[in-house]
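Chemist: Next come the chains, spelled out residue by residue.
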Amino acid sequence: MHYRSLIAATALAGALLAAFTAAADDSKYPNLKGQWNTLSPRGSFDPDKPPGRGTLAPLTEEYKAVYEANVKDQLAGGHGTEPSYMCLPPGMPRAMIAYESMEVVVTPETTYILIDHIHDHRRIHTDGRPWPTEIEPSFRGYSIGKWVDEGNTGRFNVLEVETRGFKGPRAYDTSGLPLHSDNKTVVKERIYQDKADANILYDEITTIDSALTRPWIVTRKYQRDTKQQFPWWREVVCTENNQHVRIGEENYMIGADGLLMPARKGQRPPDLRYFSQGEVTGATK
Amino acid sequence: MRSSLGAFVLLAALVLPLGAQAHDDSKYPNWEGKWNRDPGPPRYDPSKPPRRGQQPPLTAEYQKIWEASLADQAAGGQGNDTTHRCIPVGMPRQATSGFPIEIVITTKATYILFESSFASPRKIHTDGRDWPKEVEPTFTGYSIGKWLDTDGDGRFDTLEVETRHMKGPRQVDNSGLPLHEDNKTVVKERLSLNKTNPDIINNEVTTIDNAFTRPWTVMKNYRRIQGELAEDNCNENNNHVDIGGQIYYLSADGYLMPAKKGQQPPDLRYFSQAQ
Chain A
1 MHYRSLIAAT ALAGALLAAF TAAADDSKYP NLKGQWNTLS PRGSFDPDKP PGRGTLAPLT
61 EEYKAVYEAN VKDQLAGGHG TEPSYMCLPP GMPRAMIAYE SMEVVVTPET TYILIDHIHD
121 HRRIHTDGRP WPTEIEPSFR GYSIGKWVDE GNTGRFNVLE VETRGFKGPR AYDTSGLPLH
181 SDNKTVVKER IYQDKADANI LYDEITTIDS ALTRPWIVTR KYQRDTKQQF PWWREVVCTE
241 NNQHVRIGEE NYMIGADGLL MPARKGQRPP DLRYFSQGEV TGATK
Chain B
1 MRSSLGAFVL LAALVLPLGA QAHDDSKYPN WEGKWNRDPG PPRYDPSKPP RRGQQPPLTA
61 EYQKIWEASL ADQAAGGQGN DTTHRCIPVG MPRQATSGFP IEIVITTKAT YILFESSFAS
121 PRKIHTDGRD WPKEVEPTFT GYSIGKWLDT DGDGRFDTLE VETRHMKGPR QVDNSGLPLH
181 EDNKTVVKER LSLNKTNPDI INNEVTTIDN AFTRPWTVMK NYRRIQGELA EDNCNENNNH
241 VDIGGQIYYL SADGYLMPAK KGQQPPDLRY FSQAQ
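Protein sequence lines correspond, in order, to chains A and B. Using our numbering, read the first sequence as starting at 1 and increasing by one per residue. Using our numbering, read the second sequence as starting at 1 and increasing by one per residue.
Hints were generated in silico from the structure; no laboratory data involved. Even for Gly, the Cβ is constructed at its ideal location relative to N, Cα and C. Errors might be hidden in some of the hints.
Claimed, not checked - Computed list of lysine to aspartate or glutamate pairs in EDC-like fashion (alpha-carbon distance at most 16 Å, straight line):
# : chain 1 : residue 1 : chain 2 : residue 2
1 : A       : K28       : B       : D24
2 : A       : K33       : A       : D194
3 : B       : K27       : A       : D26
Said to hold, decoys possible - Every beta carbon over 12 Å from chain B, so not counted as near; a handful from chain A, in silico:
# : residue
4 : E61
5 : K146
6 : Y192
7 : Q193
Let the sequences and hints guide you as you build the complete structure.
Modeler: Written as structure tokens, this is what we have:
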């Protein structure tokens with residue numbers, strides 16, 4: 001009798017356990033709540049190297065030439081291979097520079113990385129799905145992740161992520177350091193907290209790209225804001241005050257007085273063939 | 001018997017503290033998946049035809065502003081509608097327009113994520129916080145929500161939300177139906193699963209705004225649809241060019257075009273040479 005009661009009690013407790021494990025069990029996942037801000041410089045994808053040529057990215061000869069042409073264009077007032085001036089999302093891996101504050105929302109099926117910069121929010125599927133046979137290409141790509149308990153601590157402590165399915169144009173940072181136009185990039189990440197300080201987060205990012213001679217590994221670092229009880233999340237709207245205008249293949253600027261301006265020395269004005277007057281207002285003839 | 005009770009207490013003690021700290025999915029409704037509002041033309045009130053058919057409760061002053069917007073749009077302009085600039089539409093339009101959404105529920109906040117870059121993600125705080133003393137205005141506004149168990153079955157079924165602290169310019173719909181420029185809009189929502197169809201979320205949206213003579217309440221339906229949120233970037237294919245407040249078009253062959261009959265080309269005084 002006593003034994004049967006024990007079995008019944010065990011069964012009841014087991015049922016309770018099952019009910020709770022069906023829910024999102026926070027105790028299994030690391031506490032990544034709060035607002036994270038980058039501790040790594042925003043100007044350079046590789047935080048350990050200076051931006052631009054100093055980054056020493058392992059580019060192929062072909063893409064070294066693409067990059068140098070970009071540098072030349074930027075020096076002349078252009079944007080080279082840097083696409084974000086027209087408020088295009090940075091995409092991956094650049095999104096993880098975290099130009100704005102980052103929020104990590106963990107659910108058993110998905111981890112969301114929300115960065116309100118230029119529509120660069122990420123969805124990382126952790127529900128065990130295989131790679132889909134077809135992926136609609138996007139700047140942020142399609143991410144599949146896996147939570148890992150390194151060291152058998154009884155709790156997940158590393159999120160391994162692989163991201164594929166990109167479109168372009170994408171660059172690593174404002175220097176215009178390019179990714180290959182074939183968009184066959186694969187980005188692998190290991191996201192984990194510092195063992196000694198849970199308010200420090202690392203993202204070890206490995207980029208595999210046809211413009212590179214080898215996988216390129218950088219580690220970026222973020223810090224949790226522990227000062228604000230209710231952190232403020234900015235709404236960043238790139239297009240709200242964007243003074244760049246693209247007409248055809250040319251980039252122009254809008255002046256403080258609202259008039260169209262050349263972006264580079266000697267730049268020709270836009271072709272106005274579709275205006276019936278054929279009258280060009282104001283330009284020095 | 002005492003021993004078995006003791007065993008139960010011990011086992012429960014091992015199990016419950018872990019669960020008690022967790023986000024308990026079983027307390028919240030299943031709103032997983034991708035949702036979109038009922039098909040049909042863009043409009044705030046789905047029970048009425050679009051544009052003038054909406055019969056909005058505008059004050060005389062703002063009725064005039066709306067009439068001017070409609071007239072400008074009829075002439076090829078954009079009126080008050082700001083979407084040609086790819087800036088977010090803000091609240092309440094982002095809750096009432098046809099942008100596919102995903103709803104992520106956690107204990108402390110419910111997030112509404114949008115496929116389109118026309119809408120910034122919404123974070124609805126459900127952690128019991130008060131309104132902050134100072135809020136930086138945004139298009140999306142600051143939202144505080146509360147979960148309700150209206151039928152007493154032990155599970156939340158309704159999310160009540162209030163949103164304040166918006167900035168402008170915002171419009172109710174693509175006709176340029178204006179909200180007041182003082183941006184003192186308050187939007188109240190009640191979201192709940194349809195009682196007969198769990199693939200429909202009903203959202204009763206009430207907009208209180210100084211451009212209106214009374215609160216304007218409508219019922220929006222979001223339907224669960226196949227797939228996942230894609231990435232829709234307005235800036236990728238925007239063929240509008242705003243130069244000093246004049247809106248032009250970009251032709252398929254990349255040339256600047258007038259958007260209205262007889263529209264003057266842009267002033268090119270800063271260029272040293274004409275074409």
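Chemist: Take the hints in turn and mark each one as holding or not.
Modeler: So, going through the hints one by one against the coordinates:
no.: 1; hint: A/K28 x B/D24; verdict: 13 Å, holds
no.: 2; hint: A/K33 x A/D194; verdict: 15 Å, holds
no.: 3; hint: B/K27 x A/D26; verdict: 15 Å, holds
no.: 4; hint: E61; verdict: 31 Å, holds
no.: 5; hint: K146; verdict: 18 Å, holds
no.: 6; hint: Y192; verdict: 21 Å, holds
no.: 7; hint: Q193; verdict: 18 Å, holds
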